[in-house]
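S.K.: Chain residues, written in single-letter form:
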Amino acid sequence: DTGVSQNPRHKITKRGQNVTFRCDPISEHNRLYWYRQTLGQGPEFLTYFQNEAQLEKSRLLSDRFSAERPKGSFSTLEIQRTEQGDSAMYLCASSLFSGEETQYFGPGTRLLVL
Amino acid sequence: RKEVEQDPGPFNVPEGATVAFNCTYSNSASQSFFWYRQDCRKEPKLLMSVYSSGNEDGRFTAQLNRASQYISLLIRDSKLSDSATYLCVVNLGSGNTGKLIFGQGTTLQVKP
Chain S
1 DTGVSQNPRH KITKRGQNVT FRCDPISEHN RLYWYRQTLG QGPEFLTYFQ NEAQLEKSRL
61 LSDRFSAERP KGSFSTLEIQ RTEQGDSAMY LCASSLFSGE ETQYFGPGTR LLVL
Chain Z
1 RKEVEQDPGP FNVPEGATVA FNCTYSNSAS QSFFWYRQDC RKEPKLLMSV YSSGNEDGRF
61 TAQLNRASQY ISLLIRDSKL SDSATYLCVV NLGSGNTGKL IFGQGTTLQV KP
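Protein chains in written order, with this note's numbering: chain S, 1 to 114; chain Z, 1 to 112.
To be clear, the hints were calculated from the coordinates, so they are not data collected in a lab. A few of these clues could be false.
[Stated by the list, open to error] Lysine-lysine pairs mimicking DSSO-like chemistry, simulated, CA-CA at most 27 Å apart: (1) S:K57 - Z:K99; (2) Z:K45 - Z:K2; (3) S:K11 - Z:K99; (4) Z:K45 - S:K57; (5) S:K11 - S:K71; (6) Z:K79 - Z:K45; (7) Z:K42 - S:K11; (8) S:K71 - Z:K99; (9) S:K57 - S:K14; (10) S:K57 - Z:K2; (11) Z:K42 - S:K14; (12) Z:K79 - Z:K42; (13) S:K57 - Z:K42; (14) S:K71 - S:K57; (15) S:K11 - Z:K45.
[What the hints assert, rightly or not] DEER-style ranges, computed between Cβ atoms: (16) Z:S68 - S:E83: 33 to 43 Å; (17) Z:K79 - S:Q17: 36 to 46 Å; (18) Z:G58 - S:Q17: 43 to 53 Å; (19) Z:S68 - S:E101: 23 to 33 Å; (20) S:E83 - Z:C40: 20 to 30 Å; (21) S:A53 - Z:R59: 35 to 45 Å; (22) Z:P14 - S:T20: 44 to 54 Å.
[What the hints assert, rightly or not] Some but not every residue of chain Z turned toward chain S, in silico, with C-beta under 7 Å: (23) P44; (24) L46; (25) L87; (26) K99; (27) F102; (28) G103.
Each residue gets a CB set at the ideal place from its N, CA and C atoms; glycine is no exception.
Required output: the full structure, derived from the provided sequences and hints.
M.R.: Okay, here's the thing in structure tokens:
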């Protein structure tokens with residue numbers, strides 16, 4: 001499968017713990033996005049990278065959230081000191097930025113904070 | 001006001017029906033428009049891009065009215081497999097940011 005992959009697919013953690021999610025984009029894609037989706041809502045933008053540069057961060061991304069894409073390939077999203085309100089589906093998408101851009105989404109990581 | 005607004009539904013229609021979804025967006029600088037489909041507990045998948053001239057893909061027709069900041073999706077001859085949530089999506093433009101702004105989604109349930 002050459003699509004976007006995300007790991008883990010599911011994560012249950014206790015409040016206050018740190019969690020890290022990984023996203024592997026489609027190999028030739030230079031842009032990588034993170035979104036968060038809660039029940040009954042559409043995905044909300046968190047941040048994105050072009051190659052290894054983080055170009056934009058949403059105000060939704062509090063100080064407890066950090067994302068990296070160190071070599072311009074895979075990306076990690078870390079949430080420190082998780083809160084129950086962090087429970088959501090975290091979606092990664094990638095695209096090839098070349099004029100018209102289509103984002104392809106991974107299957108997501110579903111986080112439940114107890 | 002939400003940046004992209006959709007009627008969440010649900011729309012319950014019989015097989016073979018024609019159904020239309022509408023969406024409005026608030027930022028007049030928006031440049032790209034899409035409909036994504038999302039099945040329950042799955043990731044969103046691009047259904048079609050939306051152009052000012054209108055575009056059609058089989059049973060699906062999308063329209064954009066920039067003056068009214070309004071986007072529509074028409075599904076003809078509904079199939080059971082069309083049951084899903086349809087997300088209206090806007091992009092300010094790939095020259096600036098690639099981030100997508102999603103509506104809440106409209107749920108469609110096609111019944112036999």
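S.K.: Taking the hints in turn, state whether each one holds.
M.R.: Hint by hint, here is what the structure shows:
Of the supplied pair hints, the one linking K57 (chain S) and K99 (chain Z) holds, its CA atoms being roughly 10 Å apart against a limit of 27 Å. Between the alpha carbons of K45 (chain Z) and K2 (chain Z) the distance comes to roughly 22 Å, so the proposed pair stays at or under 27 Å and holds. Note on K11 (chain S) and K99 (chain Z): the hinted pairing holds, with a Cα-Cα distance of about 25 Å set against a maximum of 27 Å. Straight-line distance between C-alpha atoms of K45 (chain Z) and K57 (chain S) comes to about 23 Å, which keeps the hinted pair within the 27 Å bound.
Only pairs whose Cα atoms come within 27 Å are accepted, and K11 (chain S) paired with K71 (chain S) is accepted, the gap being roughly 25 Å. Taking the CA atoms of K79 (chain Z) and K45 (chain Z), the gap is about 18 Å. The hint holds against a cut of 27 Å. The straight-line distance between the Cα atoms of K42 (chain Z) and K11 (chain S) is roughly 16 Å, inside the 27 Å bound, and the hint therefore holds. Taking the CA atoms of K71 (chain S) and K99 (chain Z), the gap is near 21 Å; set against the 27 Å cutoff, the hint holds.
Under the criterion of a C-alpha separation no larger than 27 Å, the hint pairing K57 (chain S) with K14 (chain S) is consistent with the structure, at around 26 Å. Under the criterion of a C-alpha separation no larger than 27 Å, the hint pairing K57 (chain S) with K2 (chain Z) is consistent with the structure, at around 19 Å. Proximity of K42 (chain Z) to K14 (chain S) is assessed by CA-CA distance (about 24 Å); at most 27 Å being required, the pair is judged to hold. The hinted pair formed by K79 (chain Z) and K42 (chain Z) meets the criterion: a straight-line CA distance of about 19 Å does not exceed 27 Å.
Note on K57 (chain S) and K42 (chain Z): the hinted pairing holds, with a Cα-Cα distance of about 24 Å set against a maximum of 27 Å. Between K71 (chain S) and K57 (chain S), the direct Cα distance comes to roughly 19 Å. Compliance with the 27 Å bound is thereby established for this hinted pair. About 23 Å separates the Cα atoms of K11 (chain S) and K45 (chain Z), which keeps this hinted pair within 27 Å; it holds. As the Cβ distance of S68 (chain Z) to E83 (chain S) is approximately 40 Å, the hint placing it in 33 to 43 Å holds.
Between K79 (chain Z) and Q17 (chain S) the Cβ separation comes to about 44 Å, which falls inside the hinted range of 36 to 46 Å. In this structure, G58 (chain Z) and Q17 (chain S) meet the distance hint of 43 to 53 Å, their C-beta atoms being roughly 47 Å apart. S68 (chain Z) and E101 (chain S) have their C-beta atoms about 25 Å apart, which keeps the hinted 23 to 33 Å range intact. At about 26 Å, the beta-carbon gap between E83 (chain S) and C40 (chain Z) stays in the expected band of 20 to 30 Å.
With their beta carbons about 41 Å apart, A53 (chain S) and R59 (chain Z) fall inside the hinted range of 35 to 45 Å. Checked against the hint of 44 to 54 Å, the C-beta distance between P14 (chain Z) and T20 (chain S) comes to roughly 47 Å, which is consistent with it. Taken as an interface hint, P44 (chain Z) checks out: its beta carbon lies about 5 Å from the nearest beta carbon of chain S, inside 7 Å. The beta carbon of L46 (chain Z) is positioned within 7 Å of a beta carbon in chain S (closest approach about 6 Å), and the interface hint is therefore held.
Proximity of L87 (chain Z) to chain S holds as hinted, the smallest CB-CB distance being about 5 Å (cut-off 7 Å). Restraint check, K99 (chain Z) versus chain S: the minimum CB separation of about 4 Å is within 7 Å; hint holds. Given hint, F102 (chain Z) at the interface with chain S, holds; its Cβ is 3 Å from that chain's nearest Cβ, closer than 7 Å. Because the closest C-beta pair between G103 (chain Z) and chain S is about 5 Å apart, less than 7 Å, the hint holds.
Checked against the numbered hints given earlier, this structure breaks none of them.
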